[in-house]
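Chains as they are written, first to last, in our numbering: chain A, 26 to 488; chain B, 26 to 488.
Treat the hints with caution; some may be incorrect.
No more than 20 angstroms apart at the CA atoms, straight line, and that leaves these computed lysine to aspartate or glutamate pairs for EDC-like [what the hints assert, rightly or not]:
#, chain 1, residue 1, chain 2, residue 2
1, B, LYS255, B, GLU98
2, A, LYS394, B, GLU98
3, B, LYS272, A, GLU220
4, A, LYS116, A, GLU220
Here are the computed distance ranges between Cβ atoms for each label pair [what the hints assert, rightly or not]:
#, chain 1, residue 1, chain 2, residue 2, range
5, A, ALA81, B, PRO298, 54 to 62 angstroms
6, A, LYS73, B, ASP385, 39 to 47 angstroms
7, B, SER95, A, ARG34, 38 to 46 angstroms
8, B, SER95, A, VAL31, 20 to 28 angstroms
9, A, LEU38, B, SER95, 29 to 37 angstroms
10, B, ALA449, A, GLU98, 43 to 51 angstroms
11, B, PRO483, A, GLU329, 45 to 53 angstroms
12, A, ASP66, B, ASN41, 54 to 62 angstroms
13, B, PRO483, A, VAL31, 36 to 44 angstroms
14, B, ALA59, A, LYS73, 18 to 26 angstroms
15, A, ALA77, B, ARG373, 21 to 29 angstroms
Hints listed in this document are in silico derivations from the structure and should not be mistaken for laboratory results.
Values in this document were obtained by computation on a predicted structure and should not be read as measured data.
Cβ atoms here follow ideal geometry from the backbone N, Cα and C, with glycine treated the same way.
Number of protein chains: 2
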Amino acid sequence: MSFTAVPVRLSTLDPNFESQFAARLHWAADTDAAIEHRVADILADVQKRGDAAVLAYTERFDGLAAGQVSELELTQSDFKTAFDALPVAQKAALEAAARRVRSYHEAQKKAGGESWSYRDEDGTLLGQKVTPLDRVGIYVPGGKAAYPSSLIMNAVPAHVAGVQEIIMVVPTPVRGSVATGGSGATTATRGERNELVLAAAYVAGVTRAFTIGGAQAVAALAYGTETVPKVDKITGPGNAYVASAKKRVFGTVGIDMIAGPSEILVLADGSTPAEWVAMDLFSQAEHDELAQSILLCPDAAYIEEVQRAIDRLLPTMPRAAIIAKSLNDRGALIHTRSMEEACAISNRIAPEHLEISSDDPHRWEPLLKHAGAIFLGAYTSESLGDYCAGPNHVLPTSGTARFSSPLGVYDFQKRSSLIEVSQAGAQSLGVIAAEMAYGEGLQAHARAAELRLDTVPPMRGGA
Amino acid sequence: MSFTAVPVRLSTLDPNFESQFAARLHWAADTDAAIEHRVADILADVQKRGDAAVLAYTERFDGLAAGQVSELELTQSDFKTAFDALPVAQKAALEAAARRVRSYHEAQKKAGGESWSYRDEDGTLLGQKVTPLDRVGIYVPGGKAAYPSSLIMNAVPAHVAGVQEIIMVVPTPVRGSVATGGSGATTATRGERNELVLAAAYVAGVTRAFTIGGAQAVAALAYGTETVPKVDKITGPGNAYVASAKKRVFGTVGIDMIAGPSEILVLADGSTPAEWVAMDLFSQAEHDELAQSILLCPDAAYIEEVQRAIDRLLPTMPRAAIIAKSLNDRGALIHTRSMEEACAISNRIAPEHLEISSDDPHRWEPLLKHAGAIFLGAYTSESLGDYCAGPNHVLPTSGTARFSSPLGVYDFQKRSSLIEVSQAGAQSLGVIAAEMAYGEGLQAHARAAELRLDTVPPMRGGA
Numbered sequence: 026m027s028f029t030a031v032p033v034r035l036s037t038l039d040p041n042f043e044s045q046f047a048a049r050l051h052w053a054a055d056t057d058a059a060i061e062h063r064v065a066d067i068l069a070d071v072q073k074r075g076d077a078a079v080l081a082y083t084e085r086f087d088g089l090a091a092g093q094v095s096e097l098e099l100t101q102s103d104f105k106t107a108f109d110a111l112p113v114a115q116k117a118a119l120e121a122a123a124r125r126v127r128s129y130h131e132a133q134k135k136a137g138g139e140s141w142s143y144r145d146e147d148g149t150l151l152g153q154k155v156t157p158l159d160r161v162g163i164y165v166p167g168g169k170a171a172y173p174s175s176l177i178m179n180a181v182p183a184h185v186a187g188v189q190e191i192i193m194v195v196p197t198p199v200r201g202s203v204a205t206g207g208s209g210a211t212t213a214t215r216g217e218r219n220e221l222v223l224a225a226a227y228v229a230g231v232t233r234a235f236t237i238g239g240a241q242a243v244a245a246l247a248y249g250t251e252t253v254p255k256v257d258k259i260t261g262p263g264n265a266y267v268a269s270a271k272k273r274v275f276g277t278v279g280i281d282m283i284a285g286p287s288e289i290l291v292l293a294d295g296s297t298p299a300e301w302v303a304m305d306l307f308s309q310a311e312h313d314e315l316a317q318s319i320l321l322c323p324d325a326a327y328i329e330e331v332q333r334a335i336d337r338l339l340p341t342m343p344r345a346a347i348i349a350k351s352l353n354d355r356g357a358l359i360h361t362r363s364m365e366e367a368c369a370i371s372n373r374i375a376p377e378h379l380e381i382s383s384d385d386p387h388r389w390e391p392l393l394k395h396a397g398a399i400f401l402g403a404y405t406s407e408s409l410g411d412y413c414a415g416p417n418h419v420l421p422t423s424g425t426a427r428f429s430s431p432l433g434v435y436d437f438q439k440r441s442s443l444i445e446v447s448q449a450g451a452q453s454l455g456v457i458a459a460e461m462a463y464g465e466g467l468q469a470h471a472r473a474a475e476l477r478l479d480t481v482p483p484m485r486g487g488a
Numbered sequence: 026m027s028f029t030a031v032p033v034r035l036s037t038l039d040p041n042f043e044s045q046f047a048a049r050l051h052w053a054a055d056t057d058a059a060i061e062h063r064v065a066d067i068l069a070d071v072q073k074r075g076d077a078a079v080l081a082y083t084e085r086f087d088g089l090a091a092g093q094v095s096e097l098e099l100t101q102s103d104f105k106t107a108f109d110a111l112p113v114a115q116k117a118a119l120e121a122a123a124r125r126v127r128s129y130h131e132a133q134k135k136a137g138g139e140s141w142s143y144r145d146e147d148g149t150l151l152g153q154k155v156t157p158l159d160r161v162g163i164y165v166p167g168g169k170a171a172y173p174s175s176l177i178m179n180a181v182p183a184h185v186a187g188v189q190e191i192i193m194v195v196p197t198p199v200r201g202s203v204a205t206g207g208s209g210a211t212t213a214t215r216g217e218r219n220e221l222v223l224a225a226a227y228v229a230g231v232t233r234a235f236t237i238g239g240a241q242a243v244a245a246l247a248y249g250t251e252t253v254p255k256v257d258k259i260t261g262p263g264n265a266y267v268a269s270a271k272k273r274v275f276g277t278v279g280i281d282m283i284a285g286p287s288e289i290l291v292l293a294d295g296s297t298p299a300e301w302v303a304m305d306l307f308s309q310a311e312h313d314e315l316a317q318s319i320l321l322c323p324d325a326a327y328i329e330e331v332q333r334a335i336d337r338l339l340p341t342m343p344r345a346a347i348i349a350k351s352l353n354d355r356g357a358l359i360h361t362r363s364m365e366e367a368c369a370i371s372n373r374i375a376p377e378h379l380e381i382s383s384d385d386p387h388r389w390e391p392l393l394k395h396a397g398a399i400f401l402g403a404y405t406s407e408s409l410g411d412y413c414a415g416p417n418h419v420l421p422t423s424g425t426a427r428f429s430s431p432l433g434v435y436d437f438q439k440r441s442s443l444i445e446v447s448q449a450g451a452q453s454l455g456v457i458a459a460e461m462a463y464g465e466g467l468q469a470h471a472r473a474a475e476l477r478l479d480t481v482p483p484m485r486g487g488a
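Pulled out of the complex, with its shape left as it was, chain A reads as follows (with noise of 0.2 angstroms):
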């Protein structure tokens, strides 16, 4: 079977590029309410009955039985047996992958993950402590998108930050079991597990794994049953189910961003073998029909040339039809007036992956500002990033690179003010925090602080 992949064909200067763009661009998480009321209903049974329920739903949806969690717990020999079956390739390049992931995110927590203080001028020491989080949960989806990649990119950064013990979930269902709401994988076999996800929890340090799945396990991580220990945060992509479950549990655990489908926009100014993007804008389509592969280019010939170029290596893919799809429905080649009005339409998408494909990437840089990731120069293609250059794959989709940052060792940190105020100190802030303290009307408070001054004034407004 033969596939053609030709992304819609826009122009900045065509009058109605505004609307056509914007079509384009459109998409929105299904807010299925059907699925968000059986998540509020199994996280309110695993929180009740515990194991109970989480072997009741697994067996329901996942098609796995067995008489007590701990039977469905995995042990540190069965990663070191997954790791030492791969071939010598695969384990140097998993361990390599793991060491630069860990060497950049030793990087970042030097760059902005310590404790601060500093003392002002009447002695008062003010800072912050910043210390790891005590456990986290990381869930591993079963199925297609069983990645040991993601498994690195969110356990490295938690042992960075010092996190004590990381609990994986990861689901085993059995070969067309039922599904729905379930972990969303139906193609393992019952007692056929990933290998590969095992051989990385070995390489990352996981420290306990359970094979649960769906919202059943994001609510043993978050409340904690008899055998699976109560988490403080839980990360990690996973189903429509689950990510109504991450969500629901939000402020009984941390969790990080929901993913959407992944993206990469690519700035190129002609300077890049037209292979090369082509290929690039195939690794984003390969992952998910709905994934989105945008190119923005002010050289309407080497637009050309990049389309001859899918054309040309189209067939060549083993994922032909998912890169097809995810091309012809959502994405895009535009030509744009020039590099700077490129970097403008950039910041407009605020895409997950962007790649300045040009010999100056330098030049660019600074004019775009919203992007989970920027790889710089043609060398640059975003499957290093994704594997192995150091930092995280784990990054805002759907424009949410507005107001959200990759993965990283600050999400399993977390701060303390530091005050301590000095004798000196409480005169002057004293007399401040009374002040607007009694012009709240919270007269404790103001008292709190006048108690504190060397000449105790009267109360004002006293009961």
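Got chain A; can you put chain B on it based on the hints?
Showing chain B alone in chain A's frame:
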């Protein structure tokens, strides 16, 4: 009318301590399905009808009728008029507080809010670019919880981060209007505004402001309307409708944590005047009947002294009724075996405010893992931190200090990874990335890496 406040007396020596302690700590946010439902409807309606819906809900819930949303906009001159009308001492206090809060947050930005990068041995550049959000919304409640200090604590860090537009929403409901589903405040009269909040908007540098509230205000900020600009993040406290709306728009925009009732935990070694500690407990209790004030102390005689100070001081307090109810229902004076044990219990609570009321606070501080803010030494009353010491008073409540942090400059910034792989780097990274990508069945990823190799190998498993 006279009140007595007798917080429950617990001891870690008591064999029933654990269950008594758990019972006293227990607090759970109501998840009211009726509120969730109504909020979902309001959000959908504002998203669809924009200004018209905002006007309709503002009239229905706040009793405030207007022909256009622009009539509900406050101006910079409203802010300045309010500020100019304040007594000199209040002006000075507001300005001093804002100045100190600004200076602390500038130090915070320097300590971790700046871009960074490095080059590895292959010449590959790795780092993060830190940039401000473009536009944020700050929710300011109407009625009894309308605190100018809150506005300063929300707006100043946004300013320091470099946010260009700060949009405030603050309901001004008409006295006696139907508050259900609205802003939850029924004490303001039509046209009457909280002048201190407006003055704080002047000092804190709010860009635009609208007198709207409730879920409709959250919706207007999250989706934008013809008049209210769409923001990137919404922060600030609100009632159950506001909290539910914020939770629901999370993902479309960023939000801060949903706050529960306020809490203070005092670790005392008996060296602080008992009246100071009693007043600090009051200053939390006076916020709200659900607020929680806890004292942990290894000295039984000192606990008696604090109770006597409570008895003596309570009758002088204008908010004695609220203080008494809060202390009686949710307060606790806990006798511990030692300061070490007191620290361990504090870590289980993960309090919002934690005072180390000791003459040797730096001995205990390292033992404390989880807290929103730590106040060291007898002179550091929480109220100094609430208003003017400098650190933020928006802190994680209800144990969420286990995984979250004070509001800070970082909440108004986001990060973009920076990656520039050199030609040399592309050779070593390309081999690793390709190996992992083939392992995950993502051949376009593998191929995008391999095309950058000086010698491009044949594709594995090509179609």
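Hint check against the structure, violated hint numbers in rising order: 2, 3, 8, 11, 12, 13
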